[in-house]
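Novice: Listed here are the chains, written in short residue letters.
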Amino acid sequence: MRYTPKSLHDHEPGVTPAATEPGVTPAATDPGVAPAATDSGIPVAVVYTADDLPGGQEALARRLGLPGEPPFTRGPYPTMYRGQLWTMRQFAGFGAPEHTNERFRFLLGQGQSALSVAFDLPTQLGYDSGDPMAAAEVGRVGVAIDTAADMGDVFADIPLDQVSVNFTINATAPIILATYLVAAERSGVPWPALTGTLQNDILKEFLARKAYRYPPGPSLRLVTDVVEFSSRELPRFNPISVTGYHAREAGCDAVQELALTMASAAAYCEAFGARGLDFDEFAPRLSFHFATTLDLFEEVAKLRAARRIWYRIATERFGATKPAAARLRFFSGNSGTTLTAQQPLNNVIRSTLQCLGAVLGGAQSIHVMGYDEAYEIPTEEAVTLSLRTQQIIALESGVTRTADPLAGSYYVERLTDELEARATAVMADIDALGGAAAAIEAGVPQRWIAESAYRTEQDIASGGRPKVGVNVYADDGAAPGAAPPGFEVDPLVAGQQAERTRARVAARDPQPHARALSRLADDTRSDRNVMPALIDAARAGATVGEMAGVFTAAFGEFTEPAPW
Amino acid sequence: MTAPRILLAKPGLDGHDRGLKVIAFALRDAGAEVIYLGLRQSPAAIVAAAVAEDADLIGISVLSGAHLPLAEQILARRAEQGAEHIPVVMGGTIPAGHAQALREMGVAAVYPAGSLLPEVVDGLLSLAGQQHGTVKAAAGDRGDLYALYAEKSPRS
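In the order they appear, the protein sequences are chains A and B. End of the first sequence sits at 812 in the working numbering; the numbers just go up one at a time, nothing left out. End of the second sequence sits at 738 in the working numbering; the numbers just go up one at a time, nothing left out.
A hint or two may mislead.
Per the computed footprint, the stretches of chain A lying under chain B, defined by three or more beta-carbons under 8 Å from a beta-carbon of chain B, are [claimed, not checked]: (1) 326 to 334; (2) 456 to 463; (3) 583 to 596; (4) 698 to 709.
Hints were generated in silico from the structure; no laboratory data involved. Using N, Cα and C, we set each Cβ at its ideal position, and we do this for glycine too.
If we strip away everything but chain B, and leave its shape as in the complex, we get (with noise of 0.2 Å):
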């Protein structure tokens, strides 16, 4: 089987990139492809970057309050590349109010601070390998991919 394939990145100027880290850190063991941009990113590129790399998921993380404006960008960059298949979560410094507003606006997932980590990872890689199976009939079996989470986290 091949493993979904999740870019990570940080649109804008915020440079809190603990949780994103972390994330990139428990899907890498989990057994997905991480594709990790890093900071400082463009909503284009991070919507090119996704298209060339054949990512299942785009995984977003702001923690300095711009989260809408900056979602909107990544939504309508992505809408005008004809990628509105590879599903956008976001997470970070949310409040309860805006994640509404998110998902309203086509963001498949949020997880505001305080979300749990299998929490997050489950739902990321349920996501995304959503997407991998309907994209490449041949991925095989996700179930391995949650056998594996579940040996290696929570950590004994």
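Excised from the complex, chain A in its bound form (with noise of 0.2 Å):
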């Protein structure tokens, strides 16, 4: 049965007051009017006013709070970027380890105040370089990491005690978090002192991302070791970052998006809280990531209205009694997605656009995009020329100066609380099939986001979503593609790096390695934490396709259904 939410593209008239205000106009049809509804639908008016606001002063002051109090609407610290900046995070990785060793000594030198780790697709799905399924990957799209040592070359002659670490990992979370570990042991910094976070989020893998291996039910399990793990030992570490960006970039809307990131987070705390987690203990440590696009108002209104939505299941559904239990923290990743392969440059400022709403909105860590980032690995100038725009926008725009800036704008908070209103109602939808596992297991929301993707395409096709280069404005004949001098990955990393994993793995004592194994091999089938068996495994020299091997093992491998 094919499904559609009701709620947002064919609203029925009336629903959205401002639909029927006067002056407001029918969507463009002619290209140099831009639409008049936001990206997701939402109509907008010309103009609004103070009776845009249910409730008028006295009921917008309760749905706002102020910076760093509940509902948290306004930002979840009381000072906000007056207090300290957001973390300038730039995703890197390729290569072989000492390569990404060297970028990040490059972006750690130009200003850049944290690292995120980009691991090749071999290693995101846990097969060693010399796999025949690695085969043309190796290196390719992120950092290939083998085994322990991989993870201490990375990091070479960086201080894992003084450089906050994201890592964008999922069904192999818990080894590449192992390797980490041992690879901190053996630089001398204790665990407590590591500070990052893991991704760790599966279910946007079936979502949206599609770097599952094992079926979900074995796959949640272990999102729950890991996080079960860190609330024990990784005091200042996020042990899971629940993200709704990749499912924006696979094709839904802000309001998909905002339902679906809701509604993963609370299964996600439905597992840990029948494992014994206490919701005041670990929900602290939750992180979130949203993806920023370019429609600035409506992205902005998104991540406030996102604060406000998490408050209330936190202290609803959950029963946070802490205020830091139920106050969102977000990554806000700039969208690729909006980025044309023709007319590159233009990415500049869309990117800039898009870095200007995250911070409107109220991030704690960033990401902006490469501007040749729509046809290649960003150059080294590209990445910089994001680093920069970060830093021009913290240091020169003069936005950071008071917190939450476009607090009491009619139309923001008319968004805010029209975006809120409509993600609840998905998510309705959501808990109706069962919850967001359950959805995404009968591949509804698959759906909605491939059926949303190709009306995108259709609407770029037919120029009803302007795209400047593209359909307006765009150079005769410029092939797309036809873009500035690239960037290459080596292409002999893959045997090299094959070389130096089996050289590790002949020089390793047998003995302790075999006896990890054995008892990751028991622990796995058992109802026992992974974690202490995984990192004694990564410390006696197990490679990350041996330790995915073990749960392949136990767990076999999931396929995806059809698309219709």
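Put the two chains together into one complex; each comes in its own frame, and the hints tell you how they fit.
Specialist: Below, the structure written as structure tokens:
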């Protein structure tokens, strides 16, 4: 049965007061006029007034609170960027560990304040660099990690007790965390000193990002193992980042992104609670990850609404009693799908607007896309420009002087209310399907995303959605992909990395290695937390592929159902 | 008339399937028979499925940068299985220089990031239609497909 969320694109006339007001223009057909609805289809009036704020100023004040106070609409901290700027966290990683180490040290030298590791696909899925499955992909979209020694090489000469590190890793998150903990141990940094975030959000892999390996049930158990272990051993580390970013990039709109993120977070919290973890204890370390795309005010409204919705879920559904357990903190990634291969320098402007949206929305850390990211791994020049974009907004634009500067804007408050209401309606649809995990397993939100992506492409083809340089103000005869000098991963990396791992495997002590893998197999098949056995295995020189293979033997592998 | 049969797949480990699904929907709405293999398909499995399904075209999407080695493997498997009559088309994040290399290697058409939907769909239908007409002499009039497509896209 085909399911379409009724609250989105085919809302009834009159549902949105703004839609019925005089002066609302119909959707634009002339490419010279911007469409009169937001990116997610919310009709927009020509002008907003105090009448658009239900309950007047007093009710608004209750919905907002102050920055750092419930319901946190205006931001998680009282002084926001006056107290501390957001973390400038450019996502990077490619080639062999030493190549990524070099890029990391370059970024830190340019004033970046934290690191964010991109892993290659074999590492994300649990294949060693010498595995036939890895053949064409080693070191391409991120760095290749086969052993804890590789992880040590990635962070050589970088003080792990001083730099916060983000790991975009999911299906193999517990394995990669184990290699990182061993690398920290070897460099003399105690685990409690480590700060950073492990993405560890497997639901969105099934939903949108598609780097899953094991079926949903065992995958959720691994996520929970990591969170349980971290709550004991890693007090300053965020063991999960609940992510709507990839669903958005795969095609859904802002309302769906918000609803799917919140529904997933609730599903995780149910699972952690079922493990016996106390919400007030683990929730302060939950992190979120949203896209910030080009519809500036809708994006700001979405980010403000996200904090308010999470406060409500945390307190009403999970009984949070500590304010920190109901306070949403997030990382914003700019949208790669809004960038164009045509006229690539235009992407600098798009990225600047998206970064501004994340700042006005109160982000805790931000990644800005490289202008060349539509067609390649960003060059050093492009990465530097992304970092400079953040620095210029932070230091020259003045937007950081006051917390939540758009509060009280009739339009932004109206949109914030609207995003909250619409996302809550979609969450009810997801709950009716049995919650995020069940809905995703049934493939329902995946169809929303694919259909929405299709509509977007049709709108770009018809001109209904203007893209400068693509369907308006395009250059005659400029072929897409006609690009400035590109970035190339060294083609010798795969062979060299596989050879290095073979040498390390040959040099390891076989007995502790065999014992550790056998313990890992036992713990995987029992209900024991897999993290201690994984750390032992990583210490004993087990490869990522060996550890992932233990999970595959116990859990099997997941295959996605058809898209229609 | 019968519709051309187009097989769509993602080889390798790359999970970016937004583009391939959009193409699948558009081809379906244009009246083609779409065989959607989906993610993590090996080159051998893709070619074997194309032969078994009597496909008129193989459409491949790669956004991980691994397009050159993967194309090479797919074309090699195609030759081994005597299926060189089935054109292979690629899309994805493919730099201009690589698009040329892919065509020289034997890829029938390349649609890098930034290609517009009607252009891709027209190109695929045209290539698949030629193949369909050659192999199945009674395949009917490809013009009907274009008429159908013109009605549906771009969406009004």
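Novice: Of all the hints given earlier, name the ones this structure violates by number, lowest first.
Specialist: 1
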